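Work from the hints to combine the two standalone chains into their complex.
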Amino acid sequence: MATGLLGRMHRLRHASGWIFGTMLFSSCLSLIASFVLSKEAITLAADPNANLSCNINAVISCGTVGSAWQSHLLGFPNAFLGLIAEPVVITVAAASLAGVRFPRGFMYAAQIVYTLGLIFAYWLFYQSMFHIGALCPWCLLVTLSTTLVFSTLTHINIRDGNLFLPARLSSALRTGIGFNLDLLIVVIWLLMIVLAIVLKYGDRLFG
Amino acid sequence: MSKHDRLRAKAREVRLAQERAERRRKRIRIAIGAGSLVIVGLLVAIFAVVYTSASHDRTTASGVLVTPANLAASGAIPVGQTSAPVTVEIYLDYMCPACGKFEQANATELDRLLAAGTIKLELHPMNFLDSRSKGTNYSTRTANAVATTADQAADKVWVLSKALYANQPEEGTSGLTDQQIADLATTAGVPQATVDAFKNRTFDTWVTNSNDAAFKAGVQGTPTIKINGTHFEGDVYNAGPLTQAIEQAAGGAS
Chain A
1 MATGLLGRMH
11 RLRHASGWIF
21 GTMLFSSCLS
31 LIASFVLSKE
41 AITLAADPNA
51 NLSCNINAVI
61 SCGTVGSAWQ
71 SHLLGFPNAF
81 LGLIAEPVVI
91 TVAAASLAGV
101 RFPRGFMYAA
111 QIVYTLGLIF
121 AYWLFYQSMF
131 HIGALCPWCL
141 LVTLSTTLVF
151 STLTHINIRD
161 GNLFLPARLS
171 SALRTGIGFN
181 LDLLIVVIWL
191 LMIVLAIVLK
201 YGDRLFG
Chain B
1 MSKHDRLRAK
11 AREVRLAQER
21 AERRRKRIRI
31 AIGAGSLVIV
41 GLLVAIFAVV
51 YTSASHDRTT
61 ASGVLVTPAN
71 LAASGAIPVG
81 QTSAPVTVEI
91 YLDYMCPACG
101 KFEQANATEL
111 DRLLAAGTIK
121 LELHPMNFLD
131 SRSKGTNYST
141 RTANAVATTA
151 DQAADKVWVL
161 SKALYANQPE
171 EGTSGLTDQQ
181 IADLATTAGV
191 PQATVDAFKN
201 RTFDTWVTNS
211 NDAAFKAGVQ
221 GTPTIKINGT
231 HFEGDVYNAG
241 PLTQAIEQAA
251 GGAS
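So the sequence lines, in the order shown, correspond to chains A and B. First residue of the first sequence? That's 1 in the numbering used here, and the numbers climb one at a time after it. First residue of the second sequence? That's 1 in the numbering used here, and the numbers climb one at a time after it.
Hint data in this document are derived by calculation from the structure and do not stem from the laboratory. Just so you know, not all the hints are guaranteed correct.
What the hints assert, rightly or not - Simulated coverage check for chain B against chain A, where a stretch passes if three residues somewhere in it have a Cβ under 8 angstroms from a Cβ of chain A:
1. 23-33
2. 154-164
Stated by the list, open to error - No farther apart than 30 angstroms at their CA atoms in a straight line, the calculated lysine-lysine pairs in the DSS-like style are these:
3. B:26 <-> B:3
4. A:39 <-> B:226
5. A:39 <-> B:10
6. B:101 <-> B:3
7. B:101 <-> B:156
8. B:156 <-> B:134
9. B:162 <-> B:199
10. A:200 <-> A:39
11. B:101 <-> B:199
12. A:200 <-> B:26
13. B:226 <-> A:200
14. B:120 <-> B:134
Please read all numbers here as calculations on a predicted model, not as lab measurements. Quick reminder that beta carbons are idealized off the backbone N, C-alpha and C, glycines included.
This is chain B alone, in the form it adopts within the complex (with noise of 0.2 angstroms):
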C-alpha cells in the first residue's frame, strides 16, 4: 500500500466514523423528544387521575355517618329475639381466618341456641383487616353489605353473615368481589332492593367507628365473643366450650 492509499484509507475510516458520530447523534436527539412527550403525556395522566379521584371523593358519602337502623342499643347489630335472657356479642372481621373457624366450629350450636329463644347475638362488624385484601377494602365492603341487610332487612343479616363465612377469601387476596358479595346475598335471600344498595357504600363511615369503638373498648383481635358483657376467654375454636358457658349464663339469668 501507498502512503497516497494509506492516508485515503484513513480519510475514509474517520469520515465514516464522523457518520456513525452523527447517526447516533441523530437517534439520541429523536429519542430526547419521544421521551419529552412521555414525561408530558405521564404527567397529565398523573393530574387527570388525582384531579378525577379528588372529586370522586367528594361526590361519594365517604366520610357522611350514617347508622344502620335496627341497631342494638350497644349499637351493635342484633340477630334473634329481643327477649332471650343471654346476649352473646361477636365482634368480627369478615376477613379474618380465626373469625372463620370460630364461625365454622359454633354456627350450628349458635343457630341452635337462636332457635331457642336461648341467646340474641349483637354483632360488631370491623374492618381493620382492610389492608389485608390487596387494596380492595374486603373487610368494609362486606361489613356495609351486612349493614346494609340490617338496615333494610334485618332478618336476613344472620344467614348473609353466615354466606359471607361459608365463602370466606383467603386473608392476603383481593376478596369476593362487590358482583359475588351480591349474588351470595341475593342466594342467601336477602330482597334484590337491599343488594343493590350495597354499593351505596351507605354505612363504611358507620363500620370504620364501629371498628374503632371496639379497639377503644379494649378488644384486641377478632373473634372476640362476650357473654353477657363479659370477655369468653374459653376455646372459640371447638364446639362445646361456648355453649355450655352459655347455657350457665342462661340458667345463672333463669
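Just chain A, same shape as in the assembly (with noise of 0.2 angstroms):
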C-alpha cells in the first residue's frame, strides 16, 4: 500500500510536517473564533439588544447562545479562555514544526489540559443545542477546530509514544493509526455532528 499516490498520501498525512501544520491551522482558526467571540461578549455586556453580525435567524444567532449564562460559566466569557490557551497551542505547534521535539511529561501533560478543554468544548455544544436552542457560528467554529487539534495531538501522541500506556495498547493504537483509523473515526464523528444539526435545525438553518 505504500505505493503511488495513495502512498504518499500515507506519508504525508503521518508525517510530522502535515500533523503539526494541521494543529497550527486549526488553533489559529479556534484563535480567530475566540477573539471574535470576545469582542461580541464586551458589545453584548455594554448593549444586551446589540444587533451581532452573526444573529442571522432565530437558530444561527450567537446573540443568545452569548447571553446564556453557559456561555460565562466561569464568571467572564469562555472566550477569554481560548484567548488564553490557543496561543500556547499555536507556539508548541510552531515550534514542533521548527524541529522542536518535547519531553514526553510535556506531551502528557498537553494532552490531558487539551482533553480536558475538548470536553469543555463539547459541553458547550451540547448545551447550545438542546438548551439555549441556538447556535452561533464562531461556537461551531471553535467546535471543529477543537477536535482537529485534539485528533492531532493524540495522533502525535500515540505515534511517539508520549501517554504512559500499557505496551500492548500503545502498540495495538499505532498499529490502528497506521491503518487511519484515527482519520475514520474523525470523519465520522464530525459528519454525525452535522447530522444532528440538520436533523434538529434542518428546517429552520435555511429559512
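Given below as C-alpha cells:
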C-alpha cells in the first residue's frame, strides 16, 4: 500500500510536518473565533440588545448563545479561555514544526489539558444545541477546530508513545493509526455532528 | 533447556506474535470497511435531511405575508368595543415570564374595564423569545394561534390569550405542544375550524413583522404598555397603578 499516490498521501499524513501544520492551522482558527466571540461578549455586555453580525435567524444567533449563562460559566466569557489557551497550542505547534521535540511528560500534560478543553467545548456545544436552542457560527468553528487540534495531538502522542500506556495497548493504537483509523473516527464523528444539526434545525437553518 | 528447545520456543513466540498481528490487521480491515459504510450512510442521511427540509420550506407558507382580518388601525389585534375612549396597547410574548406576571396582576382589572366599555385593548404579539423554547418557536406558534383566532373568531382572542397565560410554560423549556395549544383553545371556546387552522401557520410572517415593527417603534422589551399611545412607566406587576392611569386617561377624555 506504500506505493503511488495513496502511499505518498499516507506518508504525508503521518509526517510531523503535516500533523503539526494541521494543529497550527486549527489552533489559529480557534484563536480567531475566540477573538471574535470575546469582542462580541464585550459588545453584548455594553448593550444586551446589540445586533451582532452573526444573528442570522432564530437558530443561528450568537446573541442568544452569548447571553446564556453557559457562555460565561466561570464568571467571564468562555471565549477568554480560548484567548489564553490557543496561543500556547500555536506556540507548541510552531516550535514542533521548527524541529523542537518536547519531552514525553510535556506532551502527556498537553494531552490531559487539551482533553479537558475538548470536554468543555463539547459540553458547550451540547448546551447550545439542546438547552439554549440556538447555534452560533463562531462557537461551531471552535468546536470543529478543537476537535482537529485534539485529533492531531492524540495522533502525534500515540505515534511517539508519549502517553505512558501499557506496551500492548500502545502498539495496538499505533497499528490502528497506521491504518488511518483515527482519520476514520474523526470523519464519522464530524459527520454525526452535522447530521445532528440538520436533523434538529434543518428546516429552520435555511428558513 | 537445551539450545534447541530455546530456539524452538523462540520460533513459536515469533509465530504467535505474527498470528496476533495478522488477526489484528484483519480486525482493523473489518473496522475500516464498517467505518466506510457508516460514512456513506451518514452522507446519504445528511443529504436526505437537507433536501427534504429545503423542499419542505418551499411548500409551506413561510415567507408569505398574510395579514389577519379585523386588525386595528395600528396593525394590532383589537379586543373590546371600538367606541371605548381609552386604548391600551400591550406588547407581549407568550413565552415572557414578565408578561405572565403582568397578566396575573392586571387581568381582572382589564376584564372589568373592558366590560364597562372604558377601554379597548390592542395586542401586539411578538416572537423575539423564539430562541428560548429549545427550538420549538413557542412564541411564534402561540402568536400565530392568537392571530388565527383574531382572523376567524375575533371575540375569542382575549379568552385564548388569558388561557395561554394561565398555562404559560417556563421560559427556556420547549413549551406547550401544538396539540396542547389546540386543546386549550378548544376549552376556551374557540371554534373547532379555527383551532384546526392553527397548524397552517398562516400568520407566522405577520407575527415576525409585527415583532420587528415593535422594535423599530422603540419597544425595548415585553410587557410594554401604552395608554392612548403614551408609554405607561408605572408598576405593571401589581394591580392598581395601571387602573389608576387608565381611569385618569378616561377622565381626561370624557
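Outcome of the hint check:
1. 23-33: Held - the stretch 23-33 of chain B has 6 residues with a Cβ nearer than 8 angstroms to chain A, which meets the minimum of three.
2. 154-164: With 0 residues close enough to chain A, the hint is violated.
3. B:26 <-> B:3: With Cα atoms ~35 angstroms apart, residue 26 of chain B and residue 3 of chain B exceed 30 angstroms; violated.
4. A:39 <-> B:226: 36 angstroms, violated
5. A:39 <-> B:10: 65 angstroms, violated
6. B:101 <-> B:3: 93 angstroms, violated
7. B:101 <-> B:156: Cα-Cα ~22 angstroms, so holds.
8. B:156 <-> B:134: It holds: about 29 angstroms lies between the C-alpha atoms, which stays within 30 angstroms.
9. B:162 <-> B:199: 20 angstroms, holds
10. A:200 <-> A:39: 29 angstroms, holds
11. B:101 <-> B:199: OK: residue 101 of chain B and residue 199 of chain B at ~28 angstroms, within 30 angstroms.
12. A:200 <-> B:26: 37 angstroms, violated
13. B:226 <-> A:200: 39 angstroms, violated
14. B:120 <-> B:134: 34 angstroms, violated
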